[in-house]
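Undergrad: Each chain is listed here by its residues.
2 protein chains.
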Amino acid sequence: MTTVDEHLAAVLDQITPVREVTLPLAQAHGLVLTQDVTSPVDLPRFANSAMDGYAVRAADVAGASPESPKLVPVAGDIPAGDGEGHTLGEGMTWRIMTGAPMPEEADAIVKVEDTDGHSHEVLISASVEPGTHVRRAGEDVRAGERILSAGSRIGPAQVAVLASAGVAEVTVRDAVRVVVLSTGDELVPVGEPVGPGQIHDSNGPMLAALVRAAGHYTTHVGHLPDDEKSIKKELDHHLTSADLVITSGGVSKGAYDAVKAVLTGAGSMEFTEVDMQPGKPQGFGLLGRRKVPVFTLPGNPVSVLVSFEVFVRPALARLSEQRYEQVTVPAVVLSGWTSPAGRQQYHRVRLLRDVSGAYAAEPAGGPGSHLVAGLAVADGLAIVPAEESEVLTGSQVQVLPLRPLWEIEAELAQESATDQDGAEGAGSEAGRPRGRHRGAS
Amino acid sequence: MTTVDEHLAAVLDQITPVREVTLPLAQAHGLVLTQDVTSPVDLPRFANSAMDGYAVRAADVAGASPESPKLVPVAGDIPAGDGEGHTLGEGMTWRIMTGAPMPEEADAIVKVEDTDGHSHEVLISASVEPGTHVRRAGEDVRAGERILSAGSRIGPAQVAVLASAGVAEVTVRDAVRVVVLSTGDELVPVGEPVGPGQIHDSNGPMLAALVRAAGHYTTHVGHLPDDEKSIKKELDHHLTSADLVITSGGVSKGAYDAVKAVLTGAGSMEFTEVDMQPGKPQGFGLLGRRKVPVFTLPGNPVSVLVSFEVFVRPALARLSEQRYEQVTVPAVVLSGWTSPAGRQQYHRVRLLRDVSGAYAAEPAGGPGSHLVAGLAVADGLAIVPAEESEVLTGSQVQVLPLRPLWEIEAELAQESATDQDGAEGAGSEAGRPRGRHRGAS
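Taken in sequence, the protein lines are chains A and B.
Take the first sequence: its position 6, counted from the start at 1, is 6 in the numbering used here, and no numbers get skipped.
Take the second sequence: its position 12, counted from the start at 1, is 12 in the numbering used here, and no numbers get skipped.
Hints in this document: simulated from the structure, not taken from any laboratory.
Incorrect hints may have been included.
Which copy is meant is left open, because identical chains are indistinguishable; a pair holds if it fits in one copy or across any two.
What the hints assert, rightly or not - List time: in silico PhoX-like cross-link candidates among lysine-lysine, alpha-carbon distance up to 20 Å:
no.	residue 1	residue 2
1	K260	K233
2	K280	K111
3	K229	K111
4	K232	K111
5	K232	K280
6	K291	K280
7	K260	K111
8	K233	K280
9	K233	K111
10	K229	K280
11	K111	K291
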């Protein structure tokens, strides 16, 4: 058998990032830069006022105070966006708005609160040092300076710096185009009636949601029949355009496991028994002329979810060149369970809060990997190392959250709100992120 | 002055969730159920095999073992999806695939590994208890049983249980339609040339990315000129369809702050000085016949980002009825800084790993809230309570992450990989989520 880490390493070793593309900034959010980006301009572009106030020579208002204010004639207004290029006459001032260009010869701003705010003659009641409330050109970034490195993912703050610098297009790893295919003649798409012996496909819609939640997207969510010829034809079709194909089902020991039959020996496909529970039967390889990575996941919904989190999510990260590391939270076990010897177990748990403020974990749903009701109420997967065969009550486990922490924290806050306002005070010794400011209740 | 918590409470008090809609399941991912959902069917729908193997009466194979296997005639194959409705003849077996319906009279499955796998007569070398490897109808969910409660957000696992039960449509809070408007005559959209005194708009694209990263979407990202009549007209237009309007800029003390001039006294708009840094000038209210919530944020990019995280993100959660609580991580301060007395400070920091494995925080970028370069390299915002005026080196702060933890953890793992493999071993006393399995390097 292969360990989880060995299989993951074998998968990642075969994956190379998708193509580079140059995109308008508005379409690049979430993608990863493949080149350093330098600013073509100084930021700020020009010296400008940090406050609404009056542009002055600091020397002209030396000694001004509330007791002895100085009356200064106002040359006019400089609103933000003013491109006139004003100059400050001797002993004068300009009324100026935040972001407006400094007039030549001015070296400081007196903020409006330290004046009477008038527009013809202004009474200035504070002195300022040269440079006060002035944003100098290039003080943030110099033209030619690197603002983002290759490998940076473009989140909201990166959008802001690129837009500020006027970078309208960026070269990034393209979005990953994923095809999801559920296999099995018993499957019917949700929305269509099921006959005897048939069930609705849940893996396809779930995988599409998982791909989307990970920030990628599906170009096709469909179905493979249990017929080798049709499987081959349908796969060949998707291999011409997909960046990643994920199938579920059809890969265990049955006489009708047609996906495995078709793919055995194809490309670099390998079918592996991984010492994990659930998710033992894993298949992965590169297929077709374009060497498209293909995952063949087991058919049970819980196995699919676990396989996605453990193998597919890191593969998507590598395809898109995202820096990715699985993040777990520690939790104290509220009531123990057993784990199969020699297999790393991913056990569905609900997260609660124990008296010390730390997370506590209790099993959610039954042990069968076909049980979806328990999956829907689980907060995470407790990871039990292969060498442990029992998880003791009171011991500590690492839990991979299946829902965003902001949602888990909000529910815990809601539950504890009945006895006390538990969010504050518990401190951080508890070994967990801390929730604040309930958004909805 | 108003505290952050007071202002947030005042905002949330005025917000009611958006309309309910009934959507196909595939379009409901990420949205919140407004009604309990019950399963119309048993899950599993019918008794079926949990393994590839042979359906038997347990009594018929009693005593079978590798030393004394039993030879049993095979009536045929039952593949998954078979709707024929077979019955098990006495002393017979059916070869059966995972998920295929159990034949009448059979009460257990012998898995294929405990047989010779033949299709006419099979040699069975293990006995089984009644019920072995059988998934009973309704053992997961009974028809009529509640599978999800009102208030549940539809994540991937919830998609799976809904699809399994054949629930093709769900009633949810609709997606939130956000309009983003940047104000100021100095602003030019990225991609267009800037003239003297002008700058590229960075707040609009950043807010659009923030809205999207929070799981919502923008229907319009545009611009308001500094002219009261145009502002009024443009706002009125968006108030007919938007669920939320976010403006940035035009709300401080300047003579040209037209947004504030137009909106003062309109609807329930209030302009408030919040004791925070950055982000002091906040405006919020309900406008128009549809009572659309409108945020008027300050104009500096850093202030916009902080205001979004602190006020807009929880408001979006309430609009969509998501359970939301701000999640912070604790960090040890690597080199201290000062904080303005009486104002809650949100200080940009980078996160590092200290020797104990805990997060360590060091200031990122300069103090000015117009500085975007530092923002783009910050990992989070350290929250300094209003009553503290100095953040001491070695003290602990709570940090609101600005990037996903999986990305921060991956970068920390990469940095520490040069000296040692730091991810394991540090344990959870460190008070932080733990990263595992590097996805990309």
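Undergrad: Against this structure, judge whether each hint is valid.
TA: Quick rundown of the hints versus the structure:
1. K260 with K233: Only inside one copy: K260 and K233 sit 15 Å apart there, 62 Å across copies, limit 20 Å.
2. K280 with K111: between (68 Å within a copy, 16 Å between copies)
3. K229 with K111: For K229 and K111, the Cα distance exceeds 20 Å both inside one copy (77 Å) and across copies (28 Å).
4. K232 with K111: neither (73 Å within a copy, 29 Å between copies)
5. K232 with K280: neither (24 Å within a copy, 62 Å between copies)
6. K291 with K280: Intra 25 Å, inter 54 Å, cutoff 20 Å: neither.
7. K260 with K111: between (74 Å within a copy, 19 Å between copies)
8. K233 with K280: The answer is neither: 27 Å in one copy and 62 Å across copies each exceed 20 Å.
9. K233 with K111: neither (72 Å within a copy, 32 Å between copies)
10. K229 with K280: neither (27 Å within a copy, 66 Å between copies)
11. K111 with K291: Neither. Shortest intra-copy (63 Å) and inter-copy (36 Å) distances fail the 20 Å Cα cut-off.
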